[in-house]
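> Here is how the chains run, residue by residue.
Protein chains: 4
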Amino acid sequence: MLVVMQEGASEAQTEKVISRLVEMGFTVHRSTGVRHTVLGGVGPIDDFDPAILEVMEGVKECHRIVSPYKLASRHFKPAGTIIKIGSLDIGDSKIVSMAGPCSIENQEQIESAAEIVASGGARVIRGGAFKPRSSPYSFQGMGEEGLRILRSAADRHGLLVVSEVMDQTQIPLLFEYADILQVGARNMQNFNLLRELGKIRKPVLLKRGVAATVEELLLSAEYIMSGGNYEVILCERGIRTFETSTRNTMDIAAIPVLKRLTHLPVIADPSHGTGKRDYVLPMARAAVAAGADGLLVEVHPDPDRAISDGAQTLRPHQFSEMMQQIRAIAAAIGRAA
Amino acid sequence: MLVVMQEGASEAQTEKVISRLVEMGFTVHRSTGVRHTVLGGVGPIDDFDPAILEVMEGVKECHRIVSPYKLASRHFKPAGTIIKIGSLDIGDSKIVSMAGPCSIENQEQIESAAEIVASGGARVIRGGAFKPRSSPYSFQGMGEEGLRILRSAADRHGLLVVSEVMDQTQIPLLFEYADILQVGARNMQNFNLLRELGKIRKPVLLKRGVAATVEELLLSAEYIMSGGNYEVILCERGIRTFETSTRNTMDIAAIPVLKRLTHLPVIADPSHGTGKRDYVLPMARAAVAAGADGLLVEVHPDPDRAISDGAQTLRPHQFSEMMQQIRAIAAAIGRAA
Amino acid sequence: MLVVMQEGASEAQTEKVISRLVEMGFTVHRSTGVRHTVLGGVGPIDDFDPAILEVMEGVKECHRIVSPYKLASRHFKPAGTIIKIGSLDIGDSKIVSMAGPCSIENQEQIESAAEIVASGGARVIRGGAFKPRSSPYSFQGMGEEGLRILRSAADRHGLLVVSEVMDQTQIPLLFEYADILQVGARNMQNFNLLRELGKIRKPVLLKRGVAATVEELLLSAEYIMSGGNYEVILCERGIRTFETSTRNTMDIAAIPVLKRLTHLPVIADPSHGTGKRDYVLPMARAAVAAGADGLLVEVHPDPDRAISDGAQTLRPHQFSEMMQQIRAIAAAIGRAA
Amino acid sequence: MLVVMQEGASEAQTEKVISRLVEMGFTVHRSTGVRHTVLGGVGPIDDFDPAILEVMEGVKECHRIVSPYKLASRHFKPAGTIIKIGSLDIGDSKIVSMAGPCSIENQEQIESAAEIVASGGARVIRGGAFKPRSSPYSFQGMGEEGLRILRSAADRHGLLVVSEVMDQTQIPLLFEYADILQVGARNMQNFNLLRELGKIRKPVLLKRGVAATVEELLLSAEYIMSGGNYEVILCERGIRTFETSTRNTMDIAAIPVLKRLTHLPVIADPSHGTGKRDYVLPMARAAVAAGADGLLVEVHPDPDRAISDGAQTLRPHQFSEMMQQIRAIAAAIGRAA
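Here the protein sequences come in this chain order: E, L, W and D.
Counting from 172, one number per residue, gives the positions in the first sequence under the working numbering.
Counting from 172, one number per residue, gives the positions in the second sequence under the working numbering.
Counting from 172, one number per residue, gives the positions in the third sequence under the working numbering.
Counting from 172, one number per residue, gives the positions in the fourth sequence under the working numbering.
Be aware that one or more of the hints could be misleading.
A pair holds if it fits inside one copy or across any two, identical chains being indistinguishable in the list.
The calculated DSBU-like cross-link candidates involving lysine-lysine, where the alpha carbons are at most 30 Å apart (straight line), are [as the list claims (entries may be wrong)]: (1) LYS373 with LYS430; (2) LYS370 with LYS430; (3) LYS231 with LYS248; (4) LYS370 with LYS248; (5) LYS370 with LYS187.
Just so you know, these hints were derived from the structure itself, not from any lab.
With these hints in hand, go ahead and build the complete structure from the sequences.
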């Protein structure tokens, strides 16, 4: 904890801050400069809102010097985490592709999607059983029946399953049918859900919220890890900005930033990141070129008939083209896909 | 639905779009201009992702012309909604103040807070029993015991209670102890929670998400209303922008924008909106001057000792000063407070 | 300058940073904590990009502890600056209104506008002679002839003149005709223009850029002041965010933030801040309630016929209504208008 | 022009809007739906602020259906523009690299930089002679002497020169020394500068403003092109968002979006886009993978001693590494570098 006093702060103000720090359990080092007095607090407390000190009289600013996350930090575990699910390694040099429709609609659609996904060379199929739509008048998902259909098609095609868990009550259901439990962008700070996911022993795919910083994403991963579940996959999927030509603005730089700050695998979702299928291919290439460990994309046998997210869903031939392009990019940076 | 074809779009492309619209149930009006052909689709479907048509070949852009919300719109109910809870009217000419600590910490703190809130002239006490903290290592709230303490102190001081519901499983508990159920900014698009809140018959205070547009806030209100619960209070509490001198950027203009688009009451939360107590007073005045129907602020007997949000929590004397200022501003615009 | 070393940074890395700081002229205080070593650099250098140290090996983060502006800071001059132009005081307890059309269109329009502005009780007339339009095919302004018309109408009605200077070559012209030279939002970081404005002795109205932080606005003011021109009026006029229901998002909280950080007068422009005339009145009230020292608004005898910015321009009766409301709000907070 | 009337708009309101459109020169097509009346205006006017109609009574919303730019649009010129400067083709299949220091500091530095740039395989050297620094107390550039040094070093190494023009008065100077005139992000909407650049016959490198949309960037290009200078190179260099782990957020998706909307060459600047040198390599790879026609990066013989932007400036060995990586990525997508 570093507290910088204002120019001209009185001795009484400074001492009041010191007392407050001591009371909180910090050992305080004082350093008096030409213009500013700086107080360094060393102590047992890491989780701390610097604003509490910043509103004290005479304080100019306050900086937390210990990152608020530990288990997720690269310093804690310098080697990258590799998450193993059967024969699949996530976070290793081979780039992992996860693909499938936005919503599970019916058996025929999923069977056809699984065929497309597997033949393109992806290893994981995605599909939503519960659809949190922004309008109350929309299709809300097939629920457990959908999960059963997805699991069965995945098994027939040798694929793993990733599917979204909407709240903590759904964990047992998803645990039964999915290999990876996905936390959507809107739930990135649903701390009750994160806490419960910390208690299970299956990988969690955690999507970045549209208004979340990289640090907040890592803190949400920490929430899960602090419960004992260390298998967290981070996913960049676009943030909200003033630009409207794409649905969100994909923060591709977050990929190398995350790879530096954390040991966890980082993947990218160019479907939600752009919102339009024609931009999915270039952004998938960009994400891999920037160092992503994998991709999550939407593909549907007939996107024009998709119940949800059709505009951002790849046609089968585009998906196959994307997989080829990804392999070429991966090779160019010394990886495989 | 309006579809604008690109300059030079072929007749075949245009006809494909018309077929698609017809197939979806629209009656199509075609209007051919010098440069662009425009298709107007009239039909039974209101909930529709324009991007689906925008990605068709030859399409330049697509506009939805019916607002995606109905029950919440001012057109649906031109007179403003007044929510009555006992003798309190929310949305009427008198400005309603809701105040109290961020977290319920213990009986003494709440008793003291209730005293401050009531004597300042506010009618509703706030206090959180479940604290969704961004760090897994923080205090997580007193739960039901906290709610019992809050209810009891409120009753002694003739106050109503507003408290946050974190997910749908907590609805019965909050329904028992609170007069108004608050949905936090992070849950604004937790559609499972919204759907269940539509089934109860108690007012809901719905906070705008930090990355949510005004239209998305109204669509979340619609979610609740479509279930039959028409008593929704909207709350502006700041959005996330690049500016860091305040915790969030309060979008004060959203107050008159909302008052124009919807009949629902609109309040403002300058505590979360600014994150620092010294800015709460000017922003409370600004919100009332801009037309807010009420305020939600944090006050604590001793903010320096508050477990959470201390920096943005008013001291007792500041709260009392704020209430006086609000009364003066309300009078200046022909209202009371 | 505070440099926080990473957990586990080597002694060699720490010493390299110390050498670098010493070489730059800093005296270095070293403080070794349980996890982090912190280096405090005290020295003659205030203008410094902390990123230079942040990219050194072993460095976790770096904080500048001296504000990059001095002359503009409240600490430098605790009492507020009052800018006197003839009998007008800007920054004193009386709120100053500046109003007029976006563009100077012709003599009749300006004469009529001056009549409206003066009879409403405003003291300064605005009007643009050079219109930097976003389309190359639009009206570009009347130039010097327009300024002559504006000056003459202002003089007849006892008004002062504020008008925008687009680049440093126009300073002599504006200096001749205007009492206050306005720097537009797009020019807030046109440092050549700011430097030249520092050499003149007339007040400058400096608008915040749509992507500028409060600190950057103050640094631009510092640019002007460092040349010897201390009469700078700051103007909040909305920042760019994801919200589209208004043209920009007015950062009303920036008003109290600025009043705390600087001694300079702060005004608000709700016309550009909202982009729609119906929102100008509530936002003008909000700005005054939040502590603004003045307002800058667009009014036109016939906004439906205005060449530019018609949608955000008040009708004459709305302007008169606004002036009355502002007086009531000012009185409520112990000021006049 | 499409005007959508509100539900329940009166016949009188609709007719008033029709009259206004007719008066403006539009031919109006009226289409009456179940809920909304839609007016389609076809006419000679392309440059038009839809807000003017939106504030009329009874109007729900208004959409401009003709893009505000023409010369810059892909529709106007379906084949991509290739800008030829001597033997260099910008916009062709070969990716063009431009590199050099932020500021021209002295002859030795530039000579050394030119050696690094040329031996790495880049074709254009960059270097700023006028430095618009955000602090008034910083180094402001070498001016014409710097340009002379840059030109001479470039000639010795067979390189072309790109350098920034800060305002229209500097055009003759830059025209003399540089092959490409750069417009910085802060000047993207300096319309006086753009207009004058339309009159010269040398390529212009136009950087996207930090708060500018893709459409606004194209409109600025249109400004230059409408004057007769069709050689405009667009440059994505990051936009301002809430994320602070990088200096700006590079909008990599803007690259494929621009390639679809315009025929002009598109390059990327990962130095300003990230602000930290370690992220320049992955983002350079990402930009090329996404379809960029070139790169603009900062490299310095000794970035630790650079006068400006040192933190984001590549070390010589990093630049050489980047050039090799770019060649591999280019090959993977069927291009060269």
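> So, for every hint listed, does it hold in this structure?
Taking the hints in turn, this is what the structure says about them:
1. LYS373 with LYS430: within (22 Å within a copy, 42 Å between copies)
2. LYS370 with LYS430: within (25 Å within a copy, 45 Å between copies)
3. LYS231 with LYS248: between (35 Å within a copy, 16 Å between copies)
4. LYS370 with LYS248: within (21 Å within a copy, 48 Å between copies)
5. LYS370 with LYS187: So LYS370 and LYS187 fail the 30 Å test inside a copy (42 Å) and across (44 Å) alike.
The structure is inconsistent with hint 5 alone, although it conforms to all the rest.
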